[in-house]
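Trainee: Residue-level listing of the chains:
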Amino acid sequence: MGAYIARRLLLMLVTLIGMSMLIFVMLRLVPGNITDIIFDSAGFVNPAAKKKIEHQLGLDQPIAVQYVNWIGGLMRGDLGYAYVSEKPAIDEILPRIPVTAKLAGLALVFATLFGVPLGVVSAVRQNTTLDYVLRVISLSGLSLPSFWLGLLILMAFVQFLGWIPIYKSNPASVWEEIALLSIPAAAVGFRSSALVMRLTRSSMLEVLRQDYIRTARAKGASETSVNYDHALRNAVLPVVTIIGIEAAFLIGGLIVTETVFNIPGVARFLVEAIRWRDYPIVQNLVMFIAVIVVFVNFIVDLLYVVLDPRIKYEG
Amino acid sequence: MRSKLVFGIALAFAAASQAAAPALAQKQGGTLRIYHRDNLPSGSIHEEATISTVQPFMGVFNNLVVYDQQKPLNTPETIVPDLADSWAWDATNTKLTFKLHQGVKWHDGKPFTAKDVQCTWNKLTGKDPDDFRKNPRAIWWHNLKEVTVNGDYEVTFVLNRPQPSFLSLFASGYTPVYPCHVSTKDMRTNPIGTGPFKFVEFKRGDTVKFARNPDYFKKGKPHVDAIEWKVIENRSTRILAFVAGEFDMTFGTDVTIPLLKDVNSQAPKAVCEVAPTYVSINLIINPKTAPFNDPKIRKAMALALDRKAFIDILSNGKDDIAGVMLPPPEGKWGMPPEVLQTLPGYAADVEKSRAEARKIMEGLGYSEAKPLPVKVSTRNIAVYRDPAVILIDQLKKVHIAGELDVVDTSIWHAKVTRGEYSVGLNLTGVSVDDPDVNLYENYSCNSERNLTKYCNKEVDALIDKQSQELDVEKRKQIVWEIERKLAEDLARPIISYQRSATCWQPYVKGFVLHHNSIYNNWRYEDVWLDK
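Line by line, the protein sequences give chains A and B.
The first sequence runs 1 to 315 under the numbering used here.
The second sequence runs 1001 to 1531 under the numbering used here.
Just so you know, not all the hints are guaranteed correct.
[Said to hold, decoys possible] Derived, one-sided and incomplete: chain B residues facing chain A with beta-carbon distance under 7 Å:
| id | residue |
| --- | --- |
| 1 | Ser1086 |
| 2 | Ile1232 |
| 3 | Asn1456 |
[What the hints assert, rightly or not] Label pairs and their computed distance ranges (CB to CB):
| id | chain 1 | residue 1 | chain 2 | residue 2 | range |
| --- | --- | --- | --- | --- | --- |
| 4 | A | Gly77 | B | Gln1102 | 48 to 56 Å |
| 5 | B | Asn1316 | A | Asp301 | 18 to 26 Å |
| 6 | A | Ser143 | B | Gln1026 | 50 to 58 Å |
| 7 | A | Leu11 | B | Thr1189 | 37 to 45 Å |
| 8 | A | Pro88 | B | Glu1077 | 15 to 23 Å |
| 9 | B | Glu1420 | A | Leu9 | 45 to 53 Å |
| 10 | B | Leu1404 | A | Val305 | 50 to 58 Å |
| 11 | A | Ser169 | B | Pro1337 | 48 to 56 Å |
Worth flagging that the hints you see were computed from the coordinates, not collected in a lab.
Computed from a prediction, not measured in an experiment: that's the story for all the values here.
From the three backbone atoms N, C-alpha and C, an ideal C-beta is built for every residue, glycine too.
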């Protein structure tokens, strides 16, 4: 197990180095750079002044030198300066992380709390009206774009309550913040919950047909015990995998949800930084997301061992 | 005539309601909450050419003079003192001297003096080593020879030649006075002014906050304690938020004519005013790329335009058909419709013009079966894309097969400046209704903001001629002559001038929307909240 973890950690490092090179090069392949954007808001471009700014920002250096400078800074904990705000990149990124983390966390909680139990119910009550209703709901969750769902929610709140649940910079209490975040979390988590529900259902259906379930019933175990102690425990492995993957891919849904609900999180900020070709922000943020994705996958792999004693990793 | 009458009545009504306003006791306090439509580039007004910066930051600064914030039209007659108590021209009309208000302090406590004025214009004219990173309105000051100071409270602007509209340039929201002792870099991120509101913080993509300046030199002003701007990039969200009462005002001009119906029905008590934005939709043709280097093709394109169809589709007919200058009644220099129709490409009978265009195209070997393929480039923003689509449809009628080429919005100006386009659809804003601003900025050979690099020495000479003409009527005739030449040369043909609405809650008092510029009325020092 120890050797496996060491090998995985090494692989993670290689993956992250590869990612950093990929991000760095791809970002520079996108047409235009920050100087174009700086001049865009002035409605003209002065080539001489543009060159001067490029020199000040080090954009006229060879790409390899720029890469080494960035990685060197990263090693020292220096993320550089944001091109647009001219502030340290860390000061721009750090305050936004907790906002997105809370939103993503709540969305995952929503996806799990709704997806798993409803998936179990749907499987246990297979081909009943309840099953059909739940399947339709899960299908809508997969097909509704989150921006559209978000807007519908906002319109409904304004129309019926005369209030709009958009993010406030300084919520009065933790509860107000949770209340404000729970609505967008539900909007973004709806799709994930639908996915979790469908997977739980199919996984449960497969397990419920196994011999050991019949044996458990024959031994007189209650239906609740059969469904939750025997079936769900064995059906949950693919569900955990998909929750792990969803946690990583949630960022895509969060971009739209943060925009619609006006939440100043990292997902929306990343898109904006890409638009502004704010390299220090984009590079560091994408690296941060890459670390999260790689780490979550690692944790999920380790969780398998906990959830299924039959799984053993060998060095 | 009828529109003039209606406009006159509307102005009289606006003036009457403003006259009545002081009768109400102005309440002090409260926070004015406004949404912002996008992420503003910086806080340095001098370095930007966008309402996104000038609207939130104008309240941080003062000008030497300013357009009266309580009068809807910007004219030389509505220019009032700001940091300057008075001003006077010398006998040669080449020296403009301002007497400055005494006892004014910058937000960091340092005294404001004539040196600060001199510094600001030295930066604008490239004479200061710490000059601006970008200087979009450098052309405004091309006639300025030097700025001299006489003691701490008198400053003189020395011109190369007379320029009667020179004072108007100082009255724009784009012309604040900057402090000498603060670097241009700091002015972008942490601006210091003398204005009614102090800059507090700018959280990118989130909020911009300003607090009342208790030491403001205009006693009793401002009335609100703070202004808080919240950036909401999604238009549906921000309009819903305004309807829900989350904001006291919309971002200026943010409510388009089609959206206005929704706002009126969902927030019937909100005050919404429609006004010209002085932002034109215009066609740009690159004369350096074949086959558009052939004037015949450019002429055919101009003849294909059905401006009325554009404005009917885009604004339910509310926008204005115009030449280069904003048309009357709000515009002082634009041509009335009967004169405008005599310009090439403006004829009322569009079908006849298009028949002529088809004949030109057929003469060049194009036909319905074999049209001229062209990419119509535009920014990837709805206000650009929508007219571009209409343009493509209209060009089709004269054997030109357009294909929409959507350009990433952040590199639009860079692409156009490099000439990497054949035909484009562009939007251009003008901040002061004066030919010196519009013509020098967009059509003179030396202007960096002349995107298409149009250059006609004869037109340049005429621009200079009108600039020094003291007689307003004579000057207008020269301006109209320039308009005619620009139309003949197809220099950035103007399709229309936009109108849009700004809305505010009924308890917001003391705000007057300007009707011939969107860049000059955001000081907010007279605004108060009746709640």
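Trainee: Compare the structure with each hint and give your call.
Mentor: Consistency of the hints with the structure:
1. Ser1086: At about 33 Å, which exceeds the 7 Å cut-off, the nearest Cβ of chain A leaves the hint on B:Ser1086 violated.
2. Ile1232: holds (5 Å)
3. Asn1456: With a closest approach of 19 Å, the B:Asn1456 hint is violated.
4. A:Gly77 to B:Gln1102: 48 to 56 Å: holds (50 Å)
5. B:Asn1316 to A:Asp301: 18 to 26 Å: violated (60 Å)
6. A:Ser143 to B:Gln1026: 50 to 58 Å: holds (54 Å)
7. A:Leu11 to B:Thr1189: 37 to 45 Å: holds (42 Å)
8. A:Pro88 to B:Glu1077: 15 to 23 Å: violated (49 Å)
9. B:Glu1420 to A:Leu9: 45 to 53 Å: At 48 Å between Cβs, range holds.
10. B:Leu1404 to A:Val305: 50 to 58 Å: holds (55 Å)
11. A:Ser169 to B:Pro1337: 48 to 56 Å: holds (49 Å)
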